[in-house]
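Whole structure, please, built from the sequences with the hints as guidance.
Chains as they are written, first to last, in my numbering: chain E, 1 to 551; chain D, 1 to 297; chain Z, 1 to 337.
Hints listed in this document are in silico derivations from the structure and should not be mistaken for laboratory results. Just so we're clear, the structure is a prediction, and the values are computed from it rather than from any experiment. One or more of the hints may lead you astray.
Taking lysine-lysine and the DSS-like style, the derived pairs with C-alpha atoms no more than 30 Å apart in a straight line are [as the list claims (entries may be wrong)]:
1) LYS256(E) to LYS195(Z)
2) LYS236(E) to LYS176(E)
3) LYS256(E) to LYS302(E)
4) LYS195(Z) to LYS530(E)
5) LYS374(E) to LYS195(Z)
6) LYS232(E) to LYS61(Z)
7) LYS256(E) to LYS323(E)
8) LYS302(E) to LYS206(E)
9) LYS236(E) to LYS119(E)
10) LYS122(E) to LYS236(E)
11) LYS316(E) to LYS381(E)
12) LYS118(E) to LYS95(E)
13) LYS316(E) to LYS87(E)
14) LYS155(D) to LYS418(E)
15) LYS302(E) to LYS118(E)
16) LYS146(E) to LYS61(Z)
17) LYS146(E) to LYS155(D)
18) LYS61(Z) to LYS155(D)
19) LYS381(E) to LYS418(E)
20) LYS87(E) to LYS418(E)
21) LYS374(E) to LYS316(E)
22) LYS232(E) to LYS203(E)
23) LYS176(E) to LYS122(E)
24) LYS195(Z) to LYS549(E)
25) LYS316(E) to LYS185(D)
Computed footprint of chain Z on chain E; a stretch qualifies when at least three of its residues, placed anywhere within it, have a C-beta under 8 Å from a C-beta of chain Z [what the hints assert, rightly or not]:
26) 139 to 148
27) 232 to 245
28) 257 to 266
29) 269 to 275
30) 425 to 436
Glycine is no exception: its CB is placed at the ideal position from the N, C-alpha and C atoms.
Next come the chains, spelled out residue by residue.
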Amino acid sequence: MNGQRWRGRLPVAGALLALMLLVAACGGAPAGQGSETGGGGASEEYGPQETIIEAGDISDAVTLDPQVAFEFSSVSADSLMYQRLVKFPLGDMTKPLGDAAESWDVSEDGLHWTFHLKKGLKFSSGNELTSADVVYTFERVVHIPKDPASWLITQMGITADNVDQLVTAPDPYTVKIDLPQPFSPGAFLSVLTNPVAGIVDSKTVKAHETNGDYGSGWLFNHSAGSGPYMLKNWTKDVQMEFVPNPHYSGEAPTIKHVIWKNAPETATRLDMLKRGEADIADGLSAAQVETVQNDPNFKVYKTPDESMTYLGMDVKNVPCFAKAECRQAVKWAIDYDGIVDKLLHGFGQPLQGVIPRGIFGYTDKKYFTQDLAKAKELLAKAGYPNGFDVEMLVPNGTLVGGVPASSVANVIKSNLEKIGIRVTIRQMEAGQMYTEYREHRAQLILANWGMDYPDPQDFAGPFGDYTQQSLIWRLQDEDQELSQLVQQAAKLQNTPERQRLYDQINDLEAAQGPFAIIYQPDVVFVYSAKLQNFNYDHVNGVGYWQIVKGQ
Amino acid sequence: MSGRPATAAPGHEQPAPASAERRRVWRALRGNALAMTGLLIIAFFAFLAVFGPYLAPYSPTEPDLDHILQPPGGAHLLGTDDTGMDILSRVLFGARIDFLSALLIVAVSMALGTAIGTVAGWLGGFWDDVLMRMTDMFLAFPSLILAMAIAAVLKPSLTNALLAISVTYWPVYARLARGQILSLKEREFVEAARAVGLGGARIVLRHVLPNAFAPVLIQATLDMGAVLLIAAGLSFIGFGAQPPTPEWGRMVSDGRSYLQTQWWISTFPAIAILLLALGFNFLGDALRDLFDPRSGR
Amino acid sequence: MSLVTYILRRLLLMVLVLFGVTLVTFTLTHVVPVNPVLALVGDRAPQDVVDRVYHELGLDKPLPVQYVLYVRGLLHGELGVSIADQRPVAEDLARYLPATIELSTAAILVAILVGIPTGIVSAVYRNRWPDHLARVFALGGVSLPVFYTALLGLAIFYVALGWLPGPGQLSPYVTPPPRVTGMVVVDALLTGRWKAFWDGLYHLIMPATVLGWSSAGIIARMVRSSLLEVLNTDYVRTAWAKGLSGRAVVLRHALRNALIPTVTVIGLTYGSLLQGAVLTETIFAWPGVGRYATLSVISIDVPAVLGVTLVAALIYSFVNLVVDIVYAYLDPRIRYR
Chain E
1 MNGQRWRGRL PVAGALLALM LLVAACGGAP AGQGSETGGG GASEEYGPQE TIIEAGDISD
61 AVTLDPQVAF EFSSVSADSL MYQRLVKFPL GDMTKPLGDA AESWDVSEDG LHWTFHLKKG
121 LKFSSGNELT SADVVYTFER VVHIPKDPAS WLITQMGITA DNVDQLVTAP DPYTVKIDLP
181 QPFSPGAFLS VLTNPVAGIV DSKTVKAHET NGDYGSGWLF NHSAGSGPYM LKNWTKDVQM
241 EFVPNPHYSG EAPTIKHVIW KNAPETATRL DMLKRGEADI ADGLSAAQVE TVQNDPNFKV
301 YKTPDESMTY LGMDVKNVPC FAKAECRQAV KWAIDYDGIV DKLLHGFGQP LQGVIPRGIF
361 GYTDKKYFTQ DLAKAKELLA KAGYPNGFDV EMLVPNGTLV GGVPASSVAN VIKSNLEKIG
421 IRVTIRQMEA GQMYTEYREH RAQLILANWG MDYPDPQDFA GPFGDYTQQS LIWRLQDEDQ
481 ELSQLVQQAA KLQNTPERQR LYDQINDLEA AQGPFAIIYQ PDVVFVYSAK LQNFNYDHVN
541 GVGYWQIVKG Q
Chain D
1 MSGRPATAAP GHEQPAPASA ERRRVWRALR GNALAMTGLL IIAFFAFLAV FGPYLAPYSP
61 TEPDLDHILQ PPGGAHLLGT DDTGMDILSR VLFGARIDFL SALLIVAVSM ALGTAIGTVA
121 GWLGGFWDDV LMRMTDMFLA FPSLILAMAI AAVLKPSLTN ALLAISVTYW PVYARLARGQ
181 ILSLKEREFV EAARAVGLGG ARIVLRHVLP NAFAPVLIQA TLDMGAVLLI AAGLSFIGFG
241 AQPPTPEWGR MVSDGRSYLQ TQWWISTFPA IAILLLALGF NFLGDALRDL FDPRSGR
Chain Z
1 MSLVTYILRR LLLMVLVLFG VTLVTFTLTH VVPVNPVLAL VGDRAPQDVV DRVYHELGLD
61 KPLPVQYVLY VRGLLHGELG VSIADQRPVA EDLARYLPAT IELSTAAILV AILVGIPTGI
121 VSAVYRNRWP DHLARVFALG GVSLPVFYTA LLGLAIFYVA LGWLPGPGQL SPYVTPPPRV
181 TGMVVVDALL TGRWKAFWDG LYHLIMPATV LGWSSAGIIA RMVRSSLLEV LNTDYVRTAW
241 AKGLSGRAVV LRHALRNALI PTVTVIGLTY GSLLQGAVLT ETIFAWPGVG RYATLSVISI
301 DVPAVLGVTL VAALIYSFVN LVVDIVYAYL DPRIRYR
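Shown next as C-alpha cells:
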C-alpha cells in the first residue's frame, strides 16, 4: 500500500483520537462537583517563615506511640512531642537536666529514685501532667506486647509483673521508682531521656483504649504529649506534619509548622533543597554535600554521630578467627585512613575503641594502621600463611555518613585479599542480615551500631558482655575477662575509676575482641541559610523549637 | 479481524523448505535499516562480551582510593567510581555478564516453555488443561514480585536472579508453542507422517517443532531486550549481582546517589543497557514484521 | 456456549488460578531463612521475647495448618495482619493501591496518547523515514531502563530546568484533598479542590511519562501491524474507490477495526504496569503498592507479600477477563475456542 495518499490527514485523525480518549478517560469522574469554597486553604494557615520542610526518609516509621516506636524517624518525632522526666540540653549529652521533673533524689545504693514534678505542665489536650501520667507511661511500656522498645525499661528489671509495686505515685507531683536490681545511675537517667519514657496524657489515651491495647492503636497516628509540638497529620510514606502544642509550658516556637517530606532517594532530597522546596535535607552523601558547600544559600551542619561502622568476625564459624592473631591480622590489614579520608570524604572520624567520641569512656587511641607485612605475619602465626575463604555479609543501601555500604565492603575486600583472605560479598536487606547474624550464621559482617541512650554501657555491653546475648554473643565469642570488666564498669558512676575500666576494656577489645571498629560516621544536615539557631543531637534530634527562619 | 489465524504460519499446507525461507528472511533483513542497526549493535556487544575483558585497561573489581571519582578523560576514559574502579573496564566486563544473563534467561524459559506448550498442545485433553491452567497461574503472577521472592529465598546472587526470572518468563513460550502445535497438528504433512506410522515423539521433534520454531525465536529476540532490563532492574534493587561484580544494573544503582555530582558512574552503564536493549528490540521488531502475516507483505 | 456460560467458566478458572497463586506464594515465603518477628520486635529484643512473639503469631505451627488458617481467613474476606507494621494487610493495600492505580492509569493514558499516533504514522508511512523515526522512538521507550530514566528525568526537568515538579504526589504546601477514592487527583476533582487537582496532575506528568513510554512502544507496534492488515483488505480499497474521502476511510473503517486488537494489548499492558511501578515508585517517592511489595518481600512479611501477590494476580486476571469478554463480544468465534 502506498502511504503517500494518507499524508496530510494524519494530524486531524490523531487529534480526534486523542480527544476521544480524553473524553472517555474523564467521563467517569463527575467534573465540576464539589463545594465552591474548595481550593485548599488549610495549608495557608502558616506563612513560609513559620514553616520548615525537611526532606528525609520517614518510610521506616511503624507507629508514633512513644512507648512502642523504635525506628529512627518515629523516635525523632516522639522526641518533639513528648516530655520525659529528664532530658539532655540540646547538643550536650554529658549531664541530664530536669524536663518534666523539677528535681530528683536517689538513695545511697542507687536503687530508689524519687522525682518531683514541675507544676503546671500541660498536655496538648489542656490536661495537666501529673504523677498518674508517669505511672501510666511506665505501665504502657511493660504491658504492650510485641514492643521493640520495651527492652530499654525491662533491662532494669521492671516488668509487667512488678511495675505496680516499683513505679508509684505517693502524691500528684511525686513519682517513686524502685529498681529491683543494681543499675548504673548514669545509665538509668540516660535511659529516661529516651522517648520510650515520653510521658503520655493518661486521660486522653485511656479514653481511646480498645480491647486493652493501652490506646496503642490510637497513638499509632495521634499524639498526646506535653512537648513543644504535636502531631498534625501523618500520611505513611508521604509526610509527617507537626504544629505547636498550644498548652506548651515553655517558650512558644517561632516555627509553627514542621513538615517531614518522605524522599527515599538521597538524590531527590538534594534536588528538593536546591529547588527551594525543602529547608533541610538529611542523610546526604559527602559528594552531594560538596555541591552546595560553597553556595551562600546553604549551610552544612556536621557532627559526629553516636554510632560506628564495624567488621564482626565469627570465632566459631571461621576456624582462623578463633585465634586472636588472626583477628589481629584483619585489624592490621584494613585501610582505615583511606576509608575515612577518601570514601567518606572526611565525613567521619577515626575510631578504634568500642565507645564513640561524645560518650563517657571514649578513647582516641589508634591501635591499628594499615600494615600488610605485619598482618601477613600474624596470619602465618595463626597457621594460615596462605589465607582462607570467607563470606562477608553487607547491608543494602548506604551506611550512616552517606557512603554506599557496598563501597566500604569493596575496599575491605580488597584490603583483606592483599593478605590472602579471599572475600565473597553477600549484600542483603538489613532484616535478613540480622536474622543470620543472630542465629550465628555470619562469618564476617559489616554492620553499624547506633546509640539508644548516651551511656558507655550501651556500647560496652553489646560489644563486650556476651551474657547480654548481643553483638559479641552473636559472633560466638564468650570472653569471660571482657564480660567481667564490662559488668564491673556498669555499676559505677562516671568517675575516673570507671574511665580506667573502659580504657582497659578498649585495650582488651583491640587485642582480642572479634570486632574491627572501622570509623565513627558524621551525621550531616544541609539547610537553607535562612535558618538560624540550627542545632541537633542524637537524643533530641533537630531543635526545631529554637530555629528562627529569616526572609 | 480477517479470517486468517492470528498465529504466524506459512500460507501453504506444505511447510516451506527451511533453507528457502531462511534466504528470503535474510534478503528482507538486509534491506531493512532497523534490522541491520539492531544486528550491528548486537554484534558489537557480542564482540565485547567475548573480547571485552582483554580490552579493559584496569581490573574491574580493584578499588584504587588514590583515584576516586575521576571525571571521564585522561587515564580513565569513562571516569572512575567512588572507590576508584575504572568505569570503562567495568562496563566492558559487564558486557559479558549482562549479555550472557539475558541469553541464559531466554534460553532457559524458551526451553521450559516450549517443552510444556508442546506437550500440552500435542497431548490435548486432560494434560492440556492441567498444563495450561498452570501456565495461566504463572502468567497471573506479578513476575517481578515473584522473581524478588524467589531471589530472596535462594539468597541473592546473579545466578539465582537469572533462575528466578526464567521461572516467571516461560509461560509466554508455553502459550506460543501450544498455539503453534495446535495449528500444525491438523496439517496434512503431520497426518501423512502419522499414516506412515511414525511415533508421536518423532513426529513432534522432527516435523512439528522445527516448523513451530520461527515465531518462538522471534519472541525470544524480542524478549532479550525486556529480559535484559528485568535482570538489570533486579540487580538494581539488590536481588541480583553482588558487589563488586561489574553488572550494569548494579553499577547504575551504586552510582545513583552520585548522579548530580559524578554523573558518569551510573550513566555509562545505563547507556550500555539502553543500547543493547535497543539492538535486540530493533532486530526483533523487524523480524516480527517479516513474519507477521497481518503486516501484508 | 453462551456469553454467560463463557464468563462463568472463566470466573471459575480465575478462582482456581488465584488459589494456585496463594499456594505458591505461601510455600515460597516460608522457605526463606528470615525470622519475620525481628522486623516487629526489633533487633535488640532478647531471644525469649523473639521466641514468644514467634509463637503468638502462630509461626511455629506446621505449614499446612498455617495455610489452612490463611485460606479460612481469606474466605471470610480477611487478608491477615502485616507482621512488620501490625496493621491489617487489607488496610495497607487500601492505602497504597489507589496511588498505584492512579499512576498506572495516567501512564496508560500517556502510552495511548503517544502509542496510537505513533503506530498510525508508522503504518501509513510504512518503511519510509517517518516509520523508521516512529519505530525508533517507540522501541526506544521499550528499551529504556526506567530506574535510570526516572533519576535522569528528575535531574533534568525538575532540578536543571524546573519545568516539572519533584517527587511525591503533591507539593508539601498543598493540603491533600479529603480521602474519597484514595487517588489524589480524582479526590481533588470530586471535592472541588482545584489547587490540589492541578498540583496533583502536574506531579503525575513525569512518573506517568517515564512509566508510560515503555508501554507506548508496545501499543504503537500493535496499531501499526493491525492497521497495515486492515489497510490491505479489499473493503478498504473498495471504500477508497467509492470516492469517500481518504480521511473518512482511515477513521471510520481502518482505525475502528485496527483498534480491536489494540484494546487487548492496552488491557494486558495496563494489568502489568505494576511491574514498572516497583522500580519507579521509590525514585518518585510515590506511596504506592509497588514499594510496599518490595519492602514486604525484603522483610518476608508473609501476610503482606501474599496480599500483594493476590491483589496483583486478581487485577491481572480481571483485566484479562474483561479484555476477553470484550473481545468475545466483538468477535463471536472466540467463545467457541
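Here is how each hint holds up against the structure:
1. LYS256(E) to LYS195(Z): holds, 22 Å
2. LYS236(E) to LYS176(E): Not OK: LYS236(E) and LYS176(E) at ~38 Å, beyond 30 Å, violated.
3. LYS256(E) to LYS302(E): Holds, at roughly 25 Å.
4. LYS195(Z) to LYS530(E): Distance ~27 Å between LYS195(Z) and LYS530(E) Cα, so the pair holds.
5. LYS374(E) to LYS195(Z): Outside the cut-off at roughly 68 Å; violated.
6. LYS232(E) to LYS61(Z): violated, 42 Å
7. LYS256(E) to LYS323(E): Not satisfied, since the Cα-Cα distance of roughly 58 Å exceeds 30 Å.
8. LYS302(E) to LYS206(E): Measuring from Cα to Cα gives roughly 42 Å; hence the hint is violated.
9. LYS236(E) to LYS119(E): violated, 36 Å
10. LYS122(E) to LYS236(E): Between LYS122(E) and LYS236(E) the Cα gap is close to 28 Å, so the pair holds against 30 Å.
11. LYS316(E) to LYS381(E): Within the cut-off at roughly 18 Å; holds.
12. LYS118(E) to LYS95(E): OK: LYS118(E) and LYS95(E) at ~19 Å, within 30 Å.
13. LYS316(E) to LYS87(E): Not OK: LYS316(E) and LYS87(E) at ~42 Å, beyond 30 Å, violated.
14. LYS155(D) to LYS418(E): Roughly 27 Å separates the two Cα atoms, so the pair holds.
15. LYS302(E) to LYS118(E): Distance of about 34 Å is beyond 30 Å: violated.
16. LYS146(E) to LYS61(Z): Between LYS146(E) and LYS61(Z) the Cα gap is close to 19 Å, so the pair holds against 30 Å.
17. LYS146(E) to LYS155(D): holds, 28 Å
18. LYS61(Z) to LYS155(D): Status holds; Cα separation ~24 Å.
19. LYS381(E) to LYS418(E): holds, 17 Å
20. LYS87(E) to LYS418(E): Distance ~48 Å between LYS87(E) and LYS418(E) Cα, so the pair is violated.
21. LYS374(E) to LYS316(E): holds, 24 Å
22. LYS232(E) to LYS203(E): Cα-Cα ~20 Å, so holds.
23. LYS176(E) to LYS122(E): With Cα atoms ~21 Å apart, LYS176(E) and LYS122(E) stay inside 30 Å; holds.
24. LYS195(Z) to LYS549(E): Holds, at about 26 Å.
25. LYS316(E) to LYS185(D): violated, 63 Å
26. 139 to 148: holds (count 4)
27. 232 to 245: holds (count 5)
28. 257 to 266: holds (count 6)
29. 269 to 275: holds (count 4)
30. 425 to 436: holds (count 6)
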